[in-house]
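Chemist: The primary structure of each chain is shown beneath.
There are 2 protein chains.
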Amino acid sequence: MAAALLGRRGWSRVRAGRACRVGERSYAAISGALERAVSAFRAVTGDEGVSLGVAIREQHGRDESVHRCRPPDVVVFPRSAEEVSALAKICHHHRLPIIPFGTGTGLEGGVGAVKGGVCFSLRNMDRILDLHPEDFDVTVEPGVTRKALNSYLRDTGLWFPVDPGADASLCGMAATSASGTNAVRYGTMRENVLNLEVVLADGTVIHTAGKGRRPRKTSAGYNLTNLFVGSEGTLGVLTKATLRLYGIPEAVVSAVCAFPTVQAAVDSTVEVLQAGIPVARIEFLDDVMIDACNRYSGLSYPVAPTLFLEFHGSERSLEEQVAVTEDVTRGNGGADFAWARDAGSRTRLWQARHDAWYAALALRPGCKAYATDVCVPLSRLPQIVVETKEDLARNGLTGPIAGHVGDGNFHCLMVLDPDDPDEVQRVHEFTERLARRALSLGGTCTGEHGVGLGKRALLREELGPLAIEVMQGLKATLDPKNLMNPGKVL
Amino acid sequence: MAAALLGRRGWSRVRAGRACRVGERSYAAISGALERAVSAFRAVTGDEGVSLGVAIREQHGRDESVHRCRPPDVVVFPRSAEEVSALAKICHHHRLPIIPFGTGTGLEGGVGAVKGGVCFSLRNMDRILDLHPEDFDVTVEPGVTRKALNSYLRDTGLWFPVDPGADASLCGMAATSASGTNAVRYGTMRENVLNLEVVLADGTVIHTAGKGRRPRKTSAGYNLTNLFVGSEGTLGVLTKATLRLYGIPEAVVSAVCAFPTVQAAVDSTVEVLQAGIPVARIEFLDDVMIDACNRYSGLSYPVAPTLFLEFHGSERSLEEQVAVTEDVTRGNGGADFAWARDAGSRTRLWQARHDAWYAALALRPGCKAYATDVCVPLSRLPQIVVETKEDLARNGLTGPIAGHVGDGNFHCLMVLDPDDPDEVQRVHEFTERLARRALSLGGTCTGEHGVGLGKRALLREELGPLAIEVMQGLKATLDPKNLMNPGKVL
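Chains as they are written, first to last, in the UniProt record's numbering: chain A, 1 to 490; chain B, 1 to 490.
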């Protein structure tokens, strides 16, 4: 019951479309503290490192989701971990919430200032600090984005493969446990962070694996690195990340294949994985999504359940991967297998996949999109996708489906009119049904977008009250004043 | 200073070779509580589930390390998570330490009852509960060993690849964040546990990813799974683990190659990884180790720095992996490249590698062995191995080297006479120097054996006092009475 209420409250903000306020302390009550804090901030960062401007604050109070909340009271722009620490100490002294901000490309309202407070924009901390090509690792500051890193790495023969679509900051990706299209081969952020520098709520600076350390494996004490990966800014501010790198594959081949049914596409996925094919990407798009992509990107793929695939390896190993995969898909009734070997046609293909969000939005101009994010065991995918498509049809909702099918993770890109309260309510109820369907099949309500604002009630259903109590205990230990991104996750 | 003292205290136990006592509460003080607890235990498990016998207790107070400590006061043999929970509640009520015990194959003294208390032997919980071949996952009780699982899986085309050498229990492997020879390709326990059932110190049962859930990826709240993986029984008793499985490769090829120098062997490793060869195992053995293996296993490998390699894949992909690897090793002066394609010669080769421990012991009959476990960035391996060999020679110590070179992790198998206090002291000082050498090169003192009793002081040096404080805070939150495997890790 409480769960349902919380959920509705979250969505009512969407409906209202304006700033809201959650929590015990009002803005007025903290404004005196805020004034004193702002002077102290200026002493740390200089005047240019502190902004009270409405436009800047608005811009730092939202991400790419439909969640809308009040902007922070002030935005600070630290240039180093030392400045982050000094600023955090000031916030701690004045009991002001701290909300870390990377690029604002999150999808679950993780940067909204639900209790007001101070947004720490990390965009000025954008140095790539330590590249060790022979050790396959690099250390970056939190403002470095995925594309900036890969562009920096271009001549080294190495790359960082985790790709959530958006050009997110790498520490933001770590904070939400992001993954994306390459996870089936290269893992998520959980598997690719070796060490983190973290500023805790009281300004203490820790290194989760020890300062400057970068062994590829360790069993030295509790795994603090993976406690902060996925903590969505609620346990500390990530100020440095040491990441695993990979050799750029000698050759890359992509392919598209249409199937008679969802089941046939998923069966092909399982068989490709069972055959030990180290597929780099295996993405599912349903008929509605393909149709939208065709329209948006001027393509002409058959309108049917479809797999987009990518293989990485040497020229010779690719031949074999391709041959086995063609066998598998043919055996499952796959047709129109189209290979893209040259960079141009590969880029066109993956551009279409990456533009799925915009293609979905283009189905109903003027509308907003919200992406669901359930993840289930592979064998349950056909059932949940079929039931979900029926649910969409029954409720007259637009929700093309795209998914990282190799991981059992898929998104319904819900296109809705935020000014139509009835539709907003129907979408809300649909997403709750979808999440519960995933939970009943042994899955999760959030494969890679995190919990943020909107999935706190579902998280409790997913994990049970006792595991949530453990998480609350961890939060209280690391952030006893509840200053770190309050109102998120738990 | 405190660090050095702790370290010496640990080793003094080795020297004394007898039971010792650490902590504030003496055995006498808890014996009344113990008596009442034992009656309560019997009500839970029946008489056969509780043992006070000296031999059973002795057997459950030690692992395969040189650390010797007092045995537990009593050993209980629960048959279910419900029984573990009921027993934990009794311990909690009477403030008795709880020490989880799998197979006793640990290498850092993790099962010693340093404060007395109750050993929870999990050997009677050995059911394989849920196998989902199409989802590549399985759920096991804590007494199931690695070999038992793989034997159960034999006809499914799947296997669990993490292989620390010993036939350890899978939950014990999770508890110490074990890895071993296959980690370079398949990851460690950190990457291969999807969900854990855990009984906390007060008997509460939680599921780290939610009861019955097994999505291949998730971003649902804090990563509790990886907080318990590697916690060495100090945060809770693992009573179920859901594990990732992999397809058994179509073909396997092994190889041995000798090199003129350590540098040449490591350079070959880096180049193989850079070339994107998905090598399954790449193990380094130094000249002393090879010589010991030759003697012990009746082999005749050239006495030189050597790589043992294994490749998994399809027949065709193996041809290519083999060809590229031969190129790489030849370019680095590798000679005598010997391929083992048939199962018989492969088994002989890897048997020699797995027998390294016994081969080392056979160098000095009647002695004991202690394995160091540092892990450094790949590029630092040649330097640390060369310096370490010089150190061994300078101090007249026997320490053949075997290592998981693809991860930068290697072991000196120190063979020592436990009754020679001078040698024990020299080995102790050597292992501290080696650990500090690894720390100074950006590495860790423990790649896969955990912290246990012996590396607590080094852990503090490695992570710094602030990260240790965070870990202590987490421990105090989950186990406020310090009952879970006290005296370990922190």
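If you're looking for bench data, these hints aren't it; they were derived computationally from the structure. Treat the hints loosely; a few may be bogus.
When chains are identical, the list treats them as one kind, so a pair holds in a single copy or across two.
Result set (DSS-like, lysine-lysine): computed pairs, CA atoms no more than 27 angstroms apart in a straight line [said to hold, decoys possible]:
{"hint": "1", "residue 1": "Lys147", "residue 2": "Lys475"}
{"hint": "2", "residue 1": "Lys89", "residue 2": "Lys368"}
{"hint": "3", "residue 1": "Lys368", "residue 2": "Lys481"}
{"hint": "4", "residue 1": "Lys211", "residue 2": "Lys475"}
{"hint": "5", "residue 1": "Lys368", "residue 2": "Lys211"}
{"hint": "6", "residue 1": "Lys475", "residue 2": "Lys89"}
{"hint": "7", "residue 1": "Lys147", "residue 2": "Lys389"}
{"hint": "8", "residue 1": "Lys475", "residue 2": "Lys389"}
{"hint": "9", "residue 1": "Lys89", "residue 2": "Lys211"}
{"hint": "10", "residue 1": "Lys147", "residue 2": "Lys368"}
{"hint": "11", "residue 1": "Lys89", "residue 2": "Lys389"}
{"hint": "12", "residue 1": "Lys147", "residue 2": "Lys481"}
{"hint": "13", "residue 1": "Lys389", "residue 2": "Lys368"}
{"hint": "14", "residue 1": "Lys475", "residue 2": "Lys368"}
Chemist: Hint by hint, say whether it matches the structure.
Modeler: Now for the hints, and whether the structure bears them out:
no.: 1; hint: Lys147 with Lys475; in the structure: neither (32 angstroms within a copy, 38 angstroms between copies)
no.: 2; hint: Lys89 with Lys368; in the structure: neither (39 angstroms within a copy, 52 angstroms between copies)
no.: 3; hint: Lys368 with Lys481; in the structure: neither (36 angstroms within a copy, 51 angstroms between copies)
no.: 4; hint: Lys211 with Lys475; in the structure: both (23 angstroms within a copy, 22 angstroms between copies)
no.: 5; hint: Lys368 with Lys211; in the structure: neither (44 angstroms within a copy, 35 angstroms between copies)
no.: 6; hint: Lys475 with Lys89; in the structure: both (18 angstroms within a copy, 25 angstroms between copies)
no.: 7; hint: Lys147 with Lys389; in the structure: neither (34 angstroms within a copy, 43 angstroms between copies)
no.: 8; hint: Lys475 with Lys389; in the structure: neither (38 angstroms within a copy, 46 angstroms between copies)
no.: 9; hint: Lys89 with Lys211; in the structure: within (21 angstroms within a copy, 39 angstroms between copies)
no.: 10; hint: Lys147 with Lys368; in the structure: within (26 angstroms within a copy, 53 angstroms between copies)
no.: 11; hint: Lys89 with Lys389; in the structure: neither (50 angstroms within a copy, 47 angstroms between copies)
no.: 12; hint: Lys147 with Lys481; in the structure: neither (36 angstroms within a copy, 48 angstroms between copies)
no.: 13; hint: Lys389 with Lys368; in the structure: within (20 angstroms within a copy, 65 angstroms between copies)
no.: 14; hint: Lys475 with Lys368; in the structure: neither (33 angstroms within a copy, 45 angstroms between copies)
Violated hints, listed in ascending order, are 1, 2, 3, 5, 7, 8, 11, 12, 14; each of the other numbered hints is respected by the structure.
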